[in-house]
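Modelling step: build the complete structure from the supplied sequences, incorporating the hints.
Chains as they are written, first to last, in this note's numbering: chain A, 1 to 501; chain B, 502 to 1002.
Note that these hints are calculated values from the structure, not bench results.
Some hints could be false.
As the list claims (entries may be wrong) - When the alpha-carbon atoms are kept at most 35 Å apart in a straight line, the in silico DSBU-like pairs for lysine-lysine are as follows:
#1 K958/B x K38/A
#2 K9/A x K840/B
#3 K840/B x K106/A
#4 K9/A x K899/B
#5 K106/A x K510/B
#6 K8/A x K598/B
#7 K9/A x K509/B
#8 K38/A x K672/B
#9 K9/A x K631/B
#10 K590/B x K38/A
#11 K9/A x K730/B
#12 K508/B x K8/A
#13 K229/A x K820/B
#14 K539/B x K457/A
#15 K8/A x K539/B
#16 K509/B x K106/A
#17 K9/A x K89/A
#18 K730/B x K38/A
#19 K539/B x K631/B
#20 K840/B x K935/B
#21 K509/B x K97/A
#22 K672/B x K899/B
#23 K229/A x K730/B
#24 K510/B x K38/A
#25 K97/A x K840/B
#26 K171/A x K130/A
#27 K319/A x K730/B
#28 K840/B x K590/B
#29 K730/B x K7/A
#30 K7/A x K539/B
#31 K38/A x K539/B
There are 2 protein chains.
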Amino acid sequence: MNLTDHKKKLYDQLSEIHTLRGIDALLGWDQQVYMPPKASEGRAAQIEYVSLLTHRRFTEPEFIESVDVLAENLDQLSDDDRVNVREVKRALDRQRKLPDDFVAEKARASAIGYDTWVKTRPSSDFEAVKPVLAQIVDIARRETDLVGYTEHPYDALLDAFEPYSKLSAVKPLLTGLAERLRAIIPEIAADFEGIGDPEGAYDESRQYAMGREIASDLGYDFQSGRLDKTAHPFMTTIGRNDVRITTRYFEDNFLPALYGVIHETGHALYELGLPPDRLGTPCGEPVSMGVHESQSRLWENLIGRRCSFMEYLHRVFSKHFPEAAASMDENGLWMHANKVKPDLIRVEADEVTYTQHIVVRMLLEEALVSGSLQVDTLPEAWDDLYETYLGVRSPTLKDGVMQDVHWFSGAIGYFPSYALGNLYNSMMLQTAQKAIPDMDEQIARGDFSQILAWTRKNVHEHGMRFTGPDLIKRITGRDLESDTFAEYVAEKFGVTEPQRR
Amino acid sequence: MNLTDHKKKLYDQLSEIHTLRGIDALLGWDQQVYMPPKASEGRAAQIEYVSLLTHRRFTEPEFIESVDVLAENLDQLSDDDRVNVREVKRALDRQRKLPDDFVAEKARASAIGYDTWVKTRPSSDFEAVKPVLAQIVDIARRETDLVGYTEHPYDALLDAFEPYSKLSAVKPLLTGLAERLRAIIPEIAADFEGIGDPEGAYDESRQYAMGREIASDLGYDFQSGRLDKTAHPFMTTIGRNDVRITTRYFEDNFLPALYGVIHETGHALYELGLPPDRLGTPCGEPVSMGVHESQSRLWENLIGRRCSFMEYLHRVFSKHFPEAAASMDENGLWMHANKVKPDLIRVEADEVTYTQHIVVRMLLEEALVSGSLQVDTLPEAWDDLYETYLGVRSPTLKDGVMQDVHWFSGAIGYFPSYALGNLYNSMMLQTAQKAIPDMDEQIARGDFSQILAWTRKNVHEHGMRFTGPDLIKRITGRDLESDTFAEYVAEKFGVTEPQRR
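See the structure below:
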C-alpha cells in the first residue's frame, strides 16, 4: 500500500466510525427523550453493540497500520491530512496503552457506579456508593500509569477532555481566578439579597415556544435541529444537519428552561458550524470540551445575560408572557437572570460562583488521583473546600459530594473544562467586541448574526486544526489567562477587586 | 465444529442481526416522526450502512456453513431449532440465488422509482415514472427466474411476503371472494347512501388522547410503546418491549385517526405477543405479512367495527368529545364507521370493498410478471378492472394506478397479503367466538382481555413455528377459505347472497 491507499483507508474508516457515532447518538437521544420505559434493557444492548462495532473499527490492525504509516510521513501530507493524522494517532496511542481487560473493567465499574449513584443519591447514602467510587478512583489511578505523564498523573486524565492541557497550566489559572472571585463574591451577592425567583405561572408550551424563538434568533436552524424535553438538558449530534438540543421546564420559573435552551443552542451552533466537508475527521470536530463549553457559555452568559440582551429578551418575553412581562421590566429581568448567590449546586450556580464549584472538584480530583485523599474522607474534604471557596456546607450529601454524576460514572478529569470555557470565551468576546463595535446595539435589536459569523470564522470553521491553547493565541494574540474573565465579572457587577483598590 | 458450535454460531449471528434490525427500525421511525428535514441525506447514509452490516452478517460464509450443516442434521435438533434452521435456510436460499449485482440494481431502481413516484404522483405524470416502473417490472421478472418456481413465476415473488403460499391457492380464494362480494356490494352500499363524514370539529390533541385510551384498553402497553403522528400510519418494532405505532389526524373527522390507531395497535399486539425468549429467531417472528394483517384487521374491523364495540366506543367518544357524541348515538357511530361505498382509494376502502382493490392489483401483478401485460397499457388495464370489480374509473392517475407506493418502490407480490388477512382473521374469530361465548358482552364493556389472550395463545406465541396455512388449520381444523369472510360480510350487512337465494 502506498500513502494514497493509507489515506483512503484512514478516511473510509473514519467515515464508518462517524456513521456509527451518529447512530449511537440517536440511540442515546431516543433513550432520554421518547423511548418507552420498558425498552431500557434492549436499548442498552443496542448501544453496547454499536460501541463494540465502533471500537472494532477503531482498533482494526489495518487501520492502525495506515495511521502509523501516515504519521511517519507527515511531511508528505497536506495541512488538513496532517491534523487528522495527528489527532487520530493521539487518540489511538491513548487507546493502545489501555488493555482490553482494563477498558472492560472501567466500563463495568462506571455502569455499576452510575446505577448505584442513581439509587443511593436520593437518600444521600454515600456508604453504599463508596466501594464502587473507590474502585473507580483506583481505576483512574491505574489509567494514569497506563497512559503515562511527564508532570502530574492528573494530566493523563485531563488530556482525554482537554487535549494538550496540563494541570501545571490549568490549576494556577483556575485557583488564581477562584481566589480573586472569593474576594468579591460577598459584595456582589449582597446586591442581590432579597431577589427571589420571578413570580408568575409559566405554561410549559409557551416556554417551549419562547425557547424555540430565541434559539432561532440566535441562529439555530430548526431545519437541522430540534428542541425536546428531558430531565437534564443536553445537546447531541446525530448526523450531518442533525444537531438536537433539549431542556427542562419548571412552570413556576421560566429561567431554567430558557437558559438551558440558550446554553445548548451555543453547543449546537458550534457543531453546526464545523466544516461540513470535514465531518467525521478531526478537521471537522470540536477542539475540546473546554472550547465547546466556551461556545455554550458565551451565548448563555456573556451574550444571554448582558444588559443589551435584556432589551431583546423583554420583547420576546412580552410576546409569550404578556402579563408577567408587564410586571417585570428589563432591569428586573437582568436581576433575576444574573442573581449571584454562593450556594451548593453546581448546575444551578450563577456565572460568578460557578468557577468555585469547579475548583473544589478539580482540587479533590487532583488529591484523589495523586493519592493524598481517600474516598473515605471525601465528603468532609468536599465540604471543607466549599466552606473555603463559597462559605457553604452541604446539609445532605445528595447536595454535596453526591450531586454530580461524573465521578460515579467514571469521568474524572472532566470538570476543569467547564471553567476553562469561561476563560476561553471571555477572551474571545473581548476580541470580538473590537471587531463588532456596535455589538450591544445589535444584541438589543435581536440581531446575533455578526457574533455568530465571528465565532464561525474564528472558532467553528477550524475544527481541530488548532489546539485549544493555540486557538486562543491565534484569536487574541495572548495565552489563555483568567484576568479577562475576572475583570469582566468585576466590571459587569460594578465592584473593585481588593488587590486593585 | 460440532452441532453445538454451529447452533451457537446460528444464534449469535441471529442475535446480532436482530440488534441491527432494531437499530434500522429506530433510524426509520425517527426519519418519519421527528428527524429535522435537512438531515435526510445523512440519515439515508446511516440506514444504508446498517443495511450493509446486516447483509454482511447474513451472508457471512461461516454463518451460511453453520446453517447448511444444521439443515443437514435436522433430526438431531429440538423442535424450535428445527423451525429456526428451516426458516433461516429458506431466507438464505432465496438470497443465495440473487447475485449481489442484481440486489444492488433492484435497490437502486426501487429508490429511484420511489423518488420519481413521490415527484410525479401529484401531477399524475405516469409517462415520467413509466420507464423506471418498466425497469422494476423487468427486475421482478428476472427475480422470478433467479429464485425459481414450480408452478407460476408469481409464486417466487409472493413467497417473499407469504411464505409457502402459491398463486394457484391464493388466486381462486381471492377472485372467488371478489365475485361473491361484487354481487352484494351494490345492495350493501345502497344502505349507506347519504351517509357522509361525521359532523363536528375534532381537536387533534383530544383525538390523540382518545386513541391512546382505546389502544390501552385493547391491551397495548404504553410502557412498551408509543403513539406518534406521521403522514402515513405505521407500526415498527425497535427492540424488546419497544413496539411503536403512528397515526394521522384530520380535524374534521375523527375516524381515520381512530381506526389507524386500532389497526396499528393490532399489529403491535402481535409483535408484543411474540415469545420474548425467542425474539430475533424465527420462533419469535411473525408468520407472514398476511397473518400480520389478520391481526391488525381483526382489531380494526372484526372487533373495532362491530355493533357491540359501538357501545364501548360511544362511551369513550363521549368522554373526549361530549358535544359531538351528544348528537351521534351508537347507531350513528356504527353507520359512519362502517359506511360501504365502492370507490377509488384502497387505503380509504371499507371492509367490504377492500378485497376488490386487492384483487385488481393481484391480477395486474400476475399479468405484468407473466408478460401478458406491459407497463404501457397498465393505466387502462387498471381502470378496466376497477370498472369490473367496483364499477368506478379513476378521473386522474394519482387516484388510479399511481395511488400506491408499492410497485414504484419495488414491492411486487405484496398486495395479496392484505386480503389474505381478512380470510385468516374471519376464520380465527369464528373459532374464538366459540371459545368466548359472551364475547360481545365483553366488548361492550370494553374488556378485550380474553380476545387478546386467545390471539396470544393461538397465534402470537407460536412465532413462525407453523406456516400460515398450517396455523389456520391448527386453529380451525380447516384449510384457508374465503366462505367464512363472505358469510360474515353478508350477515353483518344483512344481505342474502344471490347464489344462496
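The hints, checked one at a time:
| no. | hint | result |
| --- | --- | --- |
| 1 | K958/B x K38/A | holds (23 Å) |
| 2 | K9/A x K840/B | violated (62 Å) |
| 3 | K840/B x K106/A | violated (63 Å) |
| 4 | K9/A x K899/B | violated (47 Å) |
| 5 | K106/A x K510/B | holds (29 Å) |
| 6 | K8/A x K598/B | holds (33 Å) |
| 7 | K9/A x K509/B | holds (33 Å) |
| 8 | K38/A x K672/B | violated (43 Å) |
| 9 | K9/A x K631/B | violated (41 Å) |
| 10 | K590/B x K38/A | holds (33 Å) |
| 11 | K9/A x K730/B | violated (42 Å) |
| 12 | K508/B x K8/A | violated (38 Å) |
| 13 | K229/A x K820/B | holds (29 Å) |
| 14 | K539/B x K457/A | holds (23 Å) |
| 15 | K8/A x K539/B | holds (28 Å) |
| 16 | K509/B x K106/A | holds (28 Å) |
| 17 | K9/A x K89/A | holds (14 Å) |
| 18 | K730/B x K38/A | holds (21 Å) |
| 19 | K539/B x K631/B | holds (29 Å) |
| 20 | K840/B x K935/B | holds (28 Å) |
| 21 | K509/B x K97/A | holds (33 Å) |
| 22 | K672/B x K899/B | holds (27 Å) |
| 23 | K229/A x K730/B | holds (17 Å) |
| 24 | K510/B x K38/A | holds (29 Å) |
| 25 | K97/A x K840/B | violated (71 Å) |
| 26 | K171/A x K130/A | holds (27 Å) |
| 27 | K319/A x K730/B | holds (29 Å) |
| 28 | K840/B x K590/B | violated (45 Å) |
| 29 | K730/B x K7/A | violated (45 Å) |
| 30 | K7/A x K539/B | holds (29 Å) |
| 31 | K38/A x K539/B | holds (31 Å) |
When the structure is compared with the earlier hints, violations turn up for hints 2, 3, 4, 8, 9, 11, 12, 25, 28, 29 and for no others.
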